[in-house]
Amino acid sequence: MENSVNTNNHILELKDVSVSYTPGQYAVKDVSAIIKPNTVTAMMGPSGCGKTTLLRAINRMHELYPNIVTTGEILLQGENIFSMNAMKVRRMAGMVFQRPNPFPTMSIYDNVLAGYMLNNVGLKKHEKDEIVETSLRSVALWDEVKDSMTKKGSFLSGGQQQRLCIARALALKPELLLMDEPTSALDPISTNKVEELIFELKKDYTIVIVTHNMSQAARLSDNSMFMYLGELVEYGATKQMFTKPNDKRTEEYLTGVFS
Amino acid sequence: MRKGIRSTSKYRVAKSKIFFGIMCLFSALTMIPLFVILWELAKKGYKQFNLSLFTEVAPTSMEAMFARATGNLIPGGILNGITGTLLILSMAIVIAIPIGIMTGVYLAENQEKKLANFVRHLSDLLQGIPSIVIGVVVYIWVVIPMSSYSAVAGSVALSIMMLPMIIRSTEESLKMLPVTLKEAGLALGGSYSSVVMRILIPSAFSGLFTGSLLAISRVTGETAPLLVTALGAASVNWDATSPTSAISLLIWEFYNDPNLADLVWSSSLLLLLFVLGINLLAKSIAKKWKIQ
Ligand SMILES: Nc1ncnc2c1ncn2[C@@H]1O[C@H](COP(=O)(O)OP(=O)(O)O)[C@@H](O)[C@H]1O
Ligand SMILES: [Mg+2]
Chain D
1 MENSVNTNNH ILELKDVSVS YTPGQYAVKD VSAIIKPNTV TAMMGPSGCG
51 KTTLLRAINR MHELYPNIVT TGEILLQGEN IFSMNAMKVR RMAGMVFQRP
101 NPFPTMSIYD NVLAGYMLNN VGLKKHEKDE IVETSLRSVA LWDEVKDSMT
151 KKGSFLSGGQ QQRLCIARAL ALKPELLLMD EPTSALDPIS TNKVEELIFE
201 LKKDYTIVIV THNMSQAARL SDNSMFMYLG ELVEYGATKQ MFTKPNDKRT
251 EEYLTGVFS
Chain A
1 MRKGIRSTSK YRVAKSKIFF GIMCLFSALT MIPLFVILWE LAKKGYKQFN
51 LSLFTEVAPT SMEAMFARAT GNLIPGGILN GITGTLLILS MAIVIAIPIG
101 IMTGVYLAEN QEKKLANFVR HLSDLLQGIP SIVIGVVVYI WVVIPMSSYS
151 AVAGSVALSI MMLPMIIRST EESLKMLPVT LKEAGLALGG SYSSVVMRIL
201 IPSAFSGLFT GSLLAISRVT GETAPLLVTA LGAASVNWDA TSPTSAISLL
251 IWEFYNDPNL ADLVWSSSLL LLLFVLGINL LAKSIAKKWK IQ
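Protein chains in written order, with the numbering used here: chain D, 1 to 259; chain A, 1 to 292.
Since the hints were made in silico from the structure, they are not lab data. Don't take each hint at face value.
Quick list of simulated restraints, FRET-style, between CB atoms [as the list claims (entries may be wrong)]: (1) A:Y192 to D:S148: 26 to 36 Å; (2) D:D204 to A:K283: 48 to 58 Å; (3) D:G24 to A:F20: 50 to 60 Å; (4) A:S284 to D:A185: 30 to 40 Å; (5) D:E251 to A:Y192: 39 to 49 Å; (6) A:G21 to D:P46: 21 to 31 Å; (7) A:G277 to D:K151: 29 to 39 Å.
Mimicking SDA-like on lysine to any residue, the simulated pairs with C-alpha atoms at most 25 Å apart in a straight line are [stated by the list, open to error]: (8) A:K175 to D:P104; (9) A:K113 to D:P23; (10) D:K152 to A:K113; (11) A:K175 to D:S154.
Yeah, the Cβ is synthetic: ideal placement off N, Cα and C, and Gly gets one too.
Construct all of the structure, not just a fragment, from the sequences and the given hints.
So, in structure tokens, the structure goes:
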């Protein structure tokens, strides 16, 4: 994955992306944006404004459902994702879901390696051990689970499960990490841990995170997107947006007029 | 006035108590046949329920007559039936489980498609087809072309009977899985087939396994379709292309021969215990491996 040509230093570029679940109705409408490497971008907006829909367009999740239509262009490291192999796109753009979803039949160890197993990549024992340890260390879970590698993933607490799911995505060394409200199902302490983790991960990864929580967005992100009724209303540096939003709707959202 | 209310409420309490009592009674009544059957088989079969039942093949009518005349136990057992049942069942499993599971996966994954609805209806219809009809059809399909009765013909008949249950239980247990499981697998770049084989099927395994076990126990005692396909054999046979006996076929033979009639009970007891065992195993697995 390192050999991909990257001419313009954009890891992700959205050009007029629209998504509709029912013909004629757009859940996401003409969204264009450029995301730079090693940044955290927060996607904000009221419930139902299309954040999840947009995020899932980026790793071609919508293709699983025949009624969903995605139009526009999405470039991942300069390459149009729709002309790439879907499996490759998904390996490059890892996804963390709203609810932790470790594979229930697999051990913690196997959960981390699931991406390799599903791609039929044969690894030697020491390679596996190394990937598992690095991935779990990068989500600060190693010390907590290193003695229970063979236990099922569902044995962990919710916060640990979510970190396991992040480790599972990181194990494939994605270029981009898409996170859909990764802390919304977690308690405050676990939320804190995951937030710290996201902050750490920024060094090595590019992250797009959907969040409902404005203080979370303010703490974590370099850039913010504000979406409303499927449109990208405002996109810019988080500091700027939180102090001096350009659009009235952004301001209203941030001051809590609607949520 | 007050008295009136109290007496009606008393009357209601009494009525619901009676109703509850009747329910208990009927529930108990449904249990009776099982215990009566078990008791009857045990009472009549225990004498013949010995080691030789498992180690020797079925006796001839002459041998049995001889033993009866001298007041001895009938010699021999049903080894040829046991091995035959195992052979026929295991081949039926090998045929039915992959087809049934794949069909069930297809139905669960393509719920809205016309073909899926069609297949689902066919599978329901298949469940209602009398077993002897399936036997006769397999006779035409397999026995005639091979110009011989055979274990494999019996297996084909039984596997057709197993399919609807396996398909249904696969479909139902896959539909119970959260959709995020599949999405998580695909989001890791997994191919559709590896997500199905390595995530969906293992996650639904307890349901699939239970359903398959129940399907096996359903067909274990089938006799009619085997009569026209596997036919029966006097000795132990491990050749899939030759006529083969089965426990149920032996019970039928014993029943038809006054000299051998005493063996009906011990063989039936064994068959019943086998089927009950599979059922209990299925139940305990369903309980133990339930995810979350
Ligand atoms: N599977 C679906 N089928 C039909 N409509 C959907 C589906 N998922 C989401 N929508 C609709 O698309 C819009 C955007 O939803 P979503 O992207 O989930 O919003 P958000 O994540 O910002 O809360 C909403 O109006 C929602 O009702
Ligand atoms: Mg959402």
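- [ ] Of all the hints given earlier, name the ones this structure violates by number, lowest first.
- [x] Violated hints: 6, 10; rest satisfied.
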